[in-house]
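Q: Chains A and B, in that order, are what the protein sequence lines are. Note that my numbering gives residue 123 to position 123 of the first sequence, counting from 1, and the numbers run on in steps of one. In my numbering, each residue carries its 1-based index in the second sequence increased by 1000.
No lab work stands behind these hints: they were computed from the structure. All C-beta atoms in this analysis are idealised placements derived from N, C-alpha and C, irrespective of residue type, glycine included. Keep in mind that the hints are not guaranteed to be accurate.
Unchecked claim - Simulated coverage check for chain A against chain B, where a stretch passes if three residues somewhere in it have a Cβ under 8 Å from a Cβ of chain B:
1. 169–180
2. 197–208
3. 297–306
What the hints assert, rightly or not - Using 20 Å as the maximum straight-line C-alpha spacing, the simulated DMTMM-like pairs for lysine to aspartate or glutamate come out as follows:
4. Lys245/A with Glu1180/B
5. Lys1135/B with Asp16/A
6. Lys184/A with Asp1258/B
7. Lys219/A with Asp1173/B
8. Lys184/A with Glu1239/B
9. Lys219/A with Glu1287/B
10. Lys245/A with Asp1258/B
11. Lys219/A with Asp1258/B
12. Lys248/A with Glu305/A
13. Lys1126/B with Glu26/A
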Amino acid sequence: MSAAVVARELTRRFGDFIAVDRVSFEVLEGEIFGFLGPNGAGKTTTIKMLAGLVRPSSGEGWVAGLDIMRETAAIQSRIGYMSQLFSLYGDLTVEENLAFFARLYGVSGALRKERIDWALEMAGLEDRRDRLTAELPLGFKQRLALGSAVLHEPPILFLDEPTSGVDPLSRRSFWELIYDLASKGTTVFVTTHYMEEAEHCHRLALMNRGRLIALDSPKRLRDEMKSPLFEIRTPDGLRAVEALKGLKDVLDVALFGRALHVTVEDAGHTVEFLRERLRAENVEVTGIRPIPPALEDVFVARVREAGGAIVD
Amino acid sequence: MTPAVRASGLTKTFGRERAVESLSFEVQPGELFGLVGPDGAGKSTLLRMLAGVLRPTSGDADVFGTSVVRDPERVKTEIAYMSQRFGLYSDLTVLENLSFYADLYEVPRVERAARLERLFQFSSLKPFSNRLAGKLSGGMKQKLGLSCALIHEPRLLLLDEPTFGVDPISRRDLWLMVHEMVARGVSAVVSTAYLDEAERFDRLILLHRGRILDSGTPEELLDRIEGEILELLATPLREARAILATHPSVLRVAVFGDRLHVSVRSIARDRSALEAALREAGVAIHEIVPIAPTLEDRFIEAVEKAEAA
């Protein structure tokens, strides 16, 4: 398999601010590649550079074999883009929307009809082709937006928080479509804040303060989390948070209903140390156990190790 | 004890569309209560009715005994309501926004400093007190919006998707702020489209197309799931999926990255038959392990049942 996207030391400055700082990675053909990071981490700027919309200050990149410095127009006809704010026309019918995007992407002649039929079938919209787009349920709109974004058969597809607000059934059927496209060779770039979406990716890149701070499969990222994680069950969650937050050796405390997730420095003195501290503060504890980290725990830990999220 | 919220037959129609259909539920004082469902489920409409800003088509809800239909103005004095478009002043600083809302809600001067200190402790916004709200990141704006809604001491919080579009780090702060209020005895009704947030609630209702699919504590909802789930790592994955999708023991199968989640009625009974079927078709099984079902699995099961009925 060859690389569909190559970023080499990609950098972008805005005045004194380094939005993207020497970022390098390769994305394979047919790979579903997740892009995560706090707001302001540089994800959007990186994608805009790859899409030929923002010029890098330094570094190099290739998308579908095309140079992002010199061949930006050609790149734009080779990528598809779908955002959470679907760019569909509500007062056009389903089929009219597809026809509009086909013309926009220069899909013409016999191929146009063939691709529109393909998109209708893929999105499960064949018997809704004459419906006004505004009247469609959200899950259908989303599949229509996906169909519109891939009418010109782009080898690379960018998805920006694609399933925000969509119900779980529609989300599963959306991801089935994405896997199908990927298995036929389409490379898929996904940005998201939601770990359930990140779990769907083959590999995840985590950005913070303009830097790439982790790059691996969701499973390996979880397996390789260095700091141990404990779940503490207590009827008095908030006081437990106050007793533990800011302590030396306690890296992070998060409250999930009646359970705390506590990340500690190392496994040496953990359970007893936590139990004693809570006893000293008279916080009732009904259970403490080590738990495997969820992706969100990994995300928070990695960002912390990298010096914390950027603040503006 | 008077419930914080008692909704009975609450209905709202817009033209021919029924946004919320005959909802009845109670929220107890001091409870963190979730409205969980996708866009269009009716969450915002329901919250706006509870806030006294949208009149129900029929039915009623009492907020601490006061009817939202007969006395919406009095309801407004009991609640803090944060909509998805909370009004922050982008040309005022963080502190100025908080002071503005403290004035608006007539928070006594003597109480303000202590209140601000508590809010800052969980929001991590203190270092940015003098920054213009317009210059904050999305997650920080959301935390400021919540802080402004919490500057007075309401008896009931109504929060409409407070974590929408917010990164995981800011999201943790936002939840701490909500928990802080609940720990002080405030009742809260919070909506979210994300089922992985649903485990945080004391009790919740799953909403779909304006109706209640299920309600209870997160544990109760999980206990109602019929099947059990196997996580499967196998190659080729597409073949494995195709075989399992039509296998009689399989309730449903979904792809997650390089794995499948396979729901069956009973792992003990069905597992060996599935493995045999996969092997027979030449699929290599690398890993097959039982995993705990999630509230998302419960939601999907409940939607499928509701639609079959």
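Q: Taking only the CA atoms, is the gap from Lys184/A to Glu1239/B under or equal to 20 Å?
A: Holds, at about 14 Å.
Q: Assess, step by step, whether the Cα of Lys248/A is no farther than 20 Å from the Cα of Glu305/A, and give holds or violated.
A: Roughly 15 Å between the alpha carbons, so the hint for Lys248/A and Glu305/A holds.
Q: Between Lys245/A and Asp1258/B, does the CA-CA distance stay at or below 20 Å?
A: With a Cα-Cα distance of about 36 Å, the restraint between Lys245/A and Asp1258/B is violated, given a limit of 20 Å.
Q: Can you confirm whether the C-alpha distance between Lys184/A and Asp1258/B stays at or below 20 Å?
A: With Cα atoms ~15 Å apart, Lys184/A and Asp1258/B stay inside 20 Å; holds.
Q: Examine the region 169–180 of chain A: at least three residues should have C-beta closer than 8 Å to a C-beta of chain B.
A: Held - the region 169–180 of chain A has 6 residues with a Cβ nearer than 8 Å to chain B, which meets the minimum of three.
Q: Between Lys245/A and Glu1180/B, does the CA-CA distance stay at or below 20 Å?
A: Answer holds: Lys245/A to Glu1180/B is near 14 Å, not above 20 Å.
Q: Does the structure keep Lys1126/B and Glu26/A at a Cα separation of 20 Å or less?
A: 40 Å, violated
Q: Are the Cα atoms of Lys219/A and Asp1258/B separated by 20 Å or less?
A: 10 Å, holds
Q: So is the region 197–208 of chain A in contact with chain B by the C-beta rule, three or more residues under 8 Å, or is the coverage claim wrong?
A: Satisfied; 4 residues make the cut.
Q: Compare the distance between the alpha carbons of Lys219/A and Asp1173/B with 20 Å, and conclude whether the hinted pair is satisfied.
A: Violated, because 26 Å separates the two Cα atoms, which is more than 20 Å.
Q: Below or equal to 20 Å on CA atoms is what counts here, so check Lys219/A against Glu1287/B.
A: 13 Å, holds
Q: For the region 297–306 of chain A, do three or more residues have a beta carbon lying closer than 8 Å to a beta carbon of chain B?
A: holds (count 3)
Of the numbered hints given earlier, the model fails hints 7, 10 and 13; all others are met.
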